[in-house]
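Please build the complex by placing chain B on the supplied structure of chain A, with the hints as guidance.
Residue-level listing of the chains:
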Amino acid sequence: MTLIWAALSSGAIYALLAITYNVVYTSVGVFNFAQGAILALGAYISYWAVDQLKWPPLLGVLLAAAVCAAAGALEARVVLLPKAFEHAELLTTVGAATIIVGIVAIFWTEIVRQPTSPVSGRTFTVFGGRVDADQLILVGLAIVMTAGLEVWYRFTLRGRASLAVAENRKAAELRGINVRAKSYGAFILAGALAGIAGAFVGPETYIYPELGNTLVLVAFVAFVLGGSGSLLGGTVGGLLLGLIENLTARYVGTDYTDLIVLGVLLGTLVALPNGIFGGQRVRTI
Amino acid sequence: MLGIAGRLRRCVSGDVQRYGPAVPLVLMVLMLLLPLLGITQFWLLQIVLMASYALVVCGVNLSFGYAGELALGQVGVFAVGAYLTAWLMSNGFNDIILCVLASAVAGAVAGFVTGLPGLRIGGWALAMTSFFFVIIIPDLTQTIPAIGGSVGMFGIPEPKIFNASLGPVDVYLFAIVLLALWVVLFRNFVLSRHGIALKMLRESPDLAGAMGTSVYRLKLTAYVAGAIPAAIGGTLYVTAERFVSPGILTFGLAIGVIAGAVIGGAASIYGALAGGAILEYVNFQTSAFVTYSTLVYGAVLLAGGVLVAGGLAGIGRRLLASAGIRAPSVLSPETLAGSSAPATKLADVDTRRGRRVVVRDVSKTFGAVRALAGVSLTAEPGQITGLIGPNGSGKTTLLNVIAGVYRADSGDVLLGETRLHGAPHQNARVGVTRTFQTPIIPRGLLAWEVIAAARYEADYLSVAQAVLMTPKARRLARADRVASLAVLRQLGIGDLANEPAINLSLGHRRLLEVGRALARNSGVILLDEAASGLDEADIAVLAAALRNIRSLGITAVLVEHNLPLVLEIADVIHVLNMGSVIASGPPDVIRDDPNVAESYLGKRKADRTTEETAP
Numbered sequence: 023m024t025l026i027w028a029a030l031s032s033g034a035i036y037a038l039l040a041i042t043y044n045v046v047y048t049s050v051g052v053f054n055f056a057q058g059a060i061l062a063l064g065a066y067i068s069y070w071a072v073d074q075l076k077w078p079p080l081l082g083v084l085l086a087a088a089v090c091a092a093a094g095a096l097e098a099r100v101v102l103l104p105k106a107f108e109h110a111e112l113l114t115t116v117g118a119a120t121i122i123v124g125i126v127a128i129f130w131t132e133i134v135r136q137p138t139s140p141v142s143g144r145t146f147t148v149f150g151g152r153v154d155a156d157q158l159i160l161v162g163l164a165i166v167m168t169a170g171l172e173v174w175y176r177f178t179l180r181g182r183a184s185l186a187v188a189e190n191r192k193a194a195e196l197r198g199i200n201v202r203a204k205s206y207g208a209f210i211l212a213g214a215l216a217g218i219a220g221a222f223v224g225p226e227t228y229i230y231p232e233l234g235n236t237l238v239l240v241a242f243v244a245f246v247l248g249g250s251g252s253l254l255g256g257t258v259g260g261l262l263l264g265l266i267e268n269l270t271a272r273y274v275g276t277d278y279t280d281l282i283v284l285g286v287l288l289g290t291l292v293a294l295p296n297g298i299f300g301g302q303r304v305r306t307i
Numbered sequence: 117m118l119g120i121a122g123r124l125r126r127c128v129s130g131d132v133q134r135y136g137p138a139v140p141l142v143l144m145v146l147m148l149l150l151p152l153l154g155i156t157q158f159w160l161l162q163i164v165l166m167a168s169y170a171l172v173v174c175g176v177n178l179s180f181g182y183a184g185e186l187a188l189g190q191v192g193v194f195a196v197g198a199y200l201t202a203w204l205m206s207n208g209f210n211d212i213i214l215c216v217l218a219s220a221v222a223g224a225v226a227g228f229v230t231g232l233p234g235l236r237i238g239g240w241a242l243a244m245t246s247f248f249f250v251i252i253i254p255d256l257t258q259t260i261p262a263i264g265g266s267v268g269m270f271g272i273p274e275p276k277i278f279n280a281s282l283g284p285v286d287v288y289l290f291a292i293v294l295l296a297l298w299v300v301l302f303r304n305f306v307l308s309r310h311g312i313a314l315k316m317l318r319e320s321p322d323l324a325g326a327m328g329t330s331v332y333r334l335k336l337t338a339y340v341a342g343a344i345p346a347a348i349g350g351t352l353y354v355t356a357e358r359f360v361s362p363g364i365l366t367f368g369l370a371i372g373v374i375a376g377a378v379i380g381g382a383a384s385i386y387g388a389l390a391g392g393a394i395l396e397y398v399n400f401q402t403s404a405f406v407t408y409s410t411l412v413y414g415a416v417l418l419a420g421g422v423l424v425a426g427g428l429a430g431i432g433r434r435l436l437a438s439a440g441i442r443a444p445s446v447l448s449p450e451t452l453a454g455s456s457a458p459a460t461k462l463a464d465v466d467t468r469r470g471r472r473v474v475v476r477d478v479s480k481t482f483g484a485v486r487a488l489a490g491v492s493l494t495a496e497p498g499q500i501t502g503l504i505g506p507n508g509s510g511k512t513t514l515l516n517v518i519a520g521v522y523r524a525d526s527g528d529v530l531l532g533e534t535r536l537h538g539a540p541h542q543n544a545r546v547g548v549t550r551t552f553q554t555p556i557i558p559r560g561l562l563a564w565e566v567i568a569a570a571r572y573e574a575d576y577l578s579v580a581q582a583v584l585m586t587p588k589a590r591r592l593a594r595a596d597r598v599a600s601l602a603v604l605r606q607l608g609i610g611d612l613a614n615e616p617a618i619n620l621s622l623g624h625r626r627l628l629e630v631g632r633a634l635a636r637n638s639g640v641i642l643l644d645e646a647a648s649g650l651d652e653a654d655i656a657v658l659a660a661a662l663r664n665i666r667s668l669g670i671t672a673v674l675v676e677h678n679l680p681l682v683l684e685i686a687d688v689i690h691v692l693n694m695g696s697v698i699a700s701g702p703p704d705v706i707r708d709d710p711n712v713a714e715s716y717l718g719k720r721k722a723d724r725t726t727e728e729t730a731p
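Protein chains in written order, with this note's numbering: chain A, 23 to 307; chain B, 117 to 731.
With the rest of the complex left out, here is chain A (with noise of 0.2 Å):
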């Protein structure tokens, strides 16, 4: 069981990092590839609040949820506008990544540092499993998150203006739905989740300017086993993705946890290219 829960715990940083693209995807269908460098971002914001200035623990979520919500908004600036090319968002949302991976690591250099839990590093023992805080605390986080958004997509006017957003940006502002707003408003929203997720997951994983990349892919991979765009998909992609590395780590090894991580992107691909909650998409001309 305290194997389940270390797995859950991971699994929950994956699952963070996949609620955040489903954020954007959901209202601009976008896959915004930048997102694990802003929760590194806020990972280091949060370190720079509590550890440095010794600010309280709470103002340091709350400073690095701002920061990286501006990270958001400028790198909105840029993706948002007409692109050069069919997918240039590769190349837009990878390169806002970079950019922030550079300025962290001017700012912080390279060595690895490890922030101070912003909550108490008692450990405790639920369902016959040791777990710590900090693991318990991801583990809420991603749930709470994933509950608070969906009830805000389903049952609010804005959140499902935002779907219908998705759905097709055209009819939303014949509607009168202001699109651009919406647009910005979700790549503001999820860098400030990716910012208070990143004040949690810095004392787990210890820090790094590169850690956004590491994180990025795997939580890639949850975002398609969960189906691309759905909120509970990519949280149950990524607790799930979380459980086969941890298993692949303890019974295979943990130089084959990337490999299988793969193996599992190529099978959803090939098998369930909608991923396990994703409605069917038809294509049109």
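Honestly, I wouldn't trust all of these hints.
Taking beta-carbon pairs under 10 Å as the criterion, some of the chain A residues facing chain B (in silico) [claimed, not checked]:
1) Phe55
2) Gly150
3) Val153
4) Asp154
Sample of chain A residues with no beta-carbon within 12 Å of chain B, all distances over it, derived [as the list claims (entries may be wrong)]:
5) Tyr47
6) Leu80
7) Ala92
8) Ala95
9) Lys105
10) Gly124
11) Thr147
12) Gly170
13) Ala183
14) Glu195
15) Tyr206
16) Phe242
17) Ile266
Keep in mind that the hints were calculated from the coordinates and are not lab data.
Just so it is clear, the structure is predicted and the values come from calculations on it, not from any experiment.
Using N, Cα and C, we set each Cβ at its ideal position, and we do this for glycine too.
Below, chain B alone, put in the same frame as chain A:
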């Protein structure tokens, strides 16, 4: 400035077509002379490494710049080439030519194996999967002791050529010759019809499919073709550095390679060389500089996604153009003059034969909407068959079923005696070509190239033939130019042949679409709302073109809202309403059919009677 431009223009008489192939040779000779000028060993090594990265960037250019898919498998293939060479050389096979050949073969195989699943997906999934391959390389190499595990392979022996050892200068000379050879082959490839087809594919896979091109196969071709230089780049890297370790194959390298491709200009040859050189230059700078380079790479990628500047190559092209030097793709005055005889008829270019299209009891539903409810009709060769009906009556759906975009739920579409099925590109290959409601004209192609791209499947030209510029390749290249120009002339827009197609007016772009169908030697042309948005003068030109098509015996199916036009030029008209044919016949009959008036004009019989009896 102007004086220099004028002199340059006179010097080269404006023809890159003739002198273009000499450029890599001249550059090669200049580079080969560098060691005589006392260049240091350090710089010789740097230049070999630059050449090595340039080859990888070339590979990325082929898949990203030309085929439009961001696949980083090339970095993985680079690793394959590097490790294979290191292993061969450490085990006594250190003939550098052997290593290059072995790497090329291994690279092609690796490209094929990774491209096969990856390219089915495309877009983000492909980009991420290939990123994954890059991440996984260190994991993979660590598990294989024969190639040095996590340490890598050091002290690789000197390369040899026919048993003669190669010093640093020799390696440098070899690398330069190899690179020049590659540039010549690469240039032949992208200037051939394969290059034009790839540009079309990058801009619109839907269009490429409609033109009979198997999108998947073409992408795979570009990807495998790009894997070969990447693997050879790995060989050069190892012969220069004499070691290889998992540490060099990083995410950062992958990012650097894309940045290099974007800086140089993703769809260009010399741009790739510049990109590779910059990548290596950044790599050997101090670590402080490397920190900032991440920032710069990021900015480059960001800019690459929103600017169509074309990188350094784009700047170079604009400079050449302002100096009056034509790009190789522009038709020369000789070509333009050669076939200017007004007697050139389409029939002289190709013999074509119309085929009867029979639609038999076709039904198609989308969810709860029954778009087609058992439609049967026939379109005869040498006739214009009009399909009219109110919005949502199923006209475009029927067109899409015939084109193969949709699969009918039940019923058949016959072409002559054979059943049509399958994907748009399969239907296109048997001679069914469509136009689009909004003309799909790829960016970056000249008007004649748009027409030439439609001939891609007409005479098969293998990649090897294109790369080696065999007589057949030359003949086809000439034929493509002449035939495309003839088609444009027939449509009355021959003087626009050298214009960038995307800049043409809507009416001219429509004509280009019709021309594309003609160039494909199609037996059946499906026109989707060809007249929408055109003014009367444009419609007259279009009508003339359609009559021309009819006179060639082609089967033309015209889906149209412009009732006067259809009544004027169609031979047979079918009226659709709510997914069924409610009337068929020649224009005169349709004009007076009360059912048609009712459904099409939305009038009820009762209203008509009151109107008619009213004083």
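Consistency of the hints with the structure:
Interface hint status for Phe55 of chain A: upheld, as the beta-carbon distance to the closest one in chain B is roughly 8 Å, under 10 Å. Checking Gly150 of chain A against chain B by beta carbon gives a least distance of about 33 Å; that is not within 10 Å, so the hint is violated. Look at Val153 of chain A: its Cβ only gets to about 29 Å from chain B, farther than 10 Å, so that hint breaks. For Asp154 of chain A, the shortest C-beta to C-beta distance to chain B is roughly 28 Å, which exceeds 10 Å, and the interface hint is violated.
Its beta-carbon lying about 10 Å from the closest one in chain B, Tyr47 of chain A breaks the requirement of being farther than 12 Å from that chain. Its beta-carbon lying about 31 Å from the closest one in chain B, Leu80 of chain A satisfies the requirement of being farther than 12 Å from that chain. Ala92 of chain A, annotated as away from the interface, keeps every beta carbon of chain B farther than 12 Å; the closest lies near 17 Å. Separation of Ala95 of chain A from chain B is adequate, the least Cβ-Cβ distance of about 15 Å exceeding the 12 Å criterion.
With a least beta-carbon separation of about 7 Å from chain B, Lys105 of chain A fails to lie farther than 12 Å from that chain, contradicting its non-interface assignment. For Gly124 of chain A, the shortest C-beta to C-beta distance to chain B comes to about 3 Å, within the 12 Å cut-off, and the non-interface label is violated. Every beta carbon of chain B lies more than 12 Å from that of Thr147 of chain A, the smallest distance being close to 35 Å; the non-interface claim holds. With a minimum CB-CB distance of about 26 Å to chain B, Gly170 of chain A clears the 12 Å threshold, and the non-interface call stands.
Against the 12 Å criterion, Ala183 of chain A stays outside the reach of chain B, whose nearest CB is about 23 Å from its own CB. Remark: the non-interface label on Glu195 of chain A is consistent with the geometry, its nearest Cβ contact in chain B lying 18 Å away (cut-off 12 Å). Every Cβ of chain B is farther than 12 Å from the Cβ of Tyr206 of chain A; the closest lies at roughly 16 Å, confirming the non-interface assignment. The claim that Phe242 of chain A lies off the interface is violated: its Cβ sits roughly 5 Å from the closest Cβ of chain B, which falls inside the 12 Å cut-off.
With 12 Å as the threshold on Cβ separation, the claim that Ile266 of chain A sits away from chain B holds: the shortest Cβ distance comes to roughly 15 Å.
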